[in-house]
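**Q** Please build the complete structure, drawing on both the sequences and the hints.
Listed here are the chains, written in short residue letters.
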Amino acid sequence: DAGITQSPRHKVTETGTPVTLRCHQTENHRYMYWYRQDPGHGLRLIHYSYGVKDTDKGEVSDGYSVSRSKTEDFLLTLESATSSQTSVYFCAISVQGGGNTEAFFGQGTRLTVV
Amino acid sequence: RKEVEQDPGPFNVPEGATVAFNCTYSNSASQSFFWYRQDCRKEPKLLMSVYSSGNEDGRFTAQLNRASQYISLLIRDSKLSDSATYLCVVTLSGNTPLVFGKGTRLSVIA
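Heads up: the protein sequence lines correspond to chains A and B, in order.
Numbering of the first sequence is given in my numbering, commencing with residue 1 and proceeding in unit increments.
Numbering of the second sequence is given in my numbering, commencing with residue 1 and proceeding in unit increments.
The reader is advised that the hints may include incorrect statements.
To be verified - Only part of the chain B face toward chain A is listed, based on derived beta-carbon distances under 10 Å:
id : residue
1  : Pro8
2  : Phe11
3  : Asn12
4  : Val13
5  : Ala17
6  : Val19
7  : Asn22
8  : Thr24
9  : Lys42
10 : Leu46
11 : Lys102
Worth flagging that the hints you see were computed from the coordinates, not collected in a lab.
We put the CB at the ideal spot given by N, CA and C, even for glycine.
**A** In structure tokens:
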């Protein structure tokens, strides 16, 4: 499973509250990603990181911020949660080997904003 | 236009059938291509990479046509356990973020 864990796995929160999701990896991979998955949209990139304190925006970054203060942790924060941010959030890492790159995903976080 | 487009299905096929999924991508600079499989309420997992020469892994065959910007996945002798959503994925290169299609749902029926 490439040593990726997401926490929490499930969360229900109220509109307007801040929420932080954590992605933790154990193998010191440089690249980490946050995606959200919604019916009818598939997986969409929120933010990604290419090293400690190096991050960039993805396709649907509005309303989200990220931080990566150490290699193993990539945090996704919803500063003020809205109902439109109800989704399944996946963290991923990319691993290069044998001339190819493979992405491994965490098990996902189901977030409901009420 | 969506970067990666797939027929969402669902494809309902009997056990033992052969089924093919297609995918088109819009960015001609894309360099790497994959099929991922996602089971219900689970994370996506790599099924296979797709190479220009085509590649096969058991009952699964993937093809890439760069000129037409088209990727395909063929599953032969379908099993019940093949029921899942199949995601077409492209990336520019190396560690650039993966771009996903919306997925094609397959149900294999006994």
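**Q** For a quick check of understanding: which of the numbered hints are violated here, in increasing order?
**A** 2, 3, 4, 5, 6, 7 and 8
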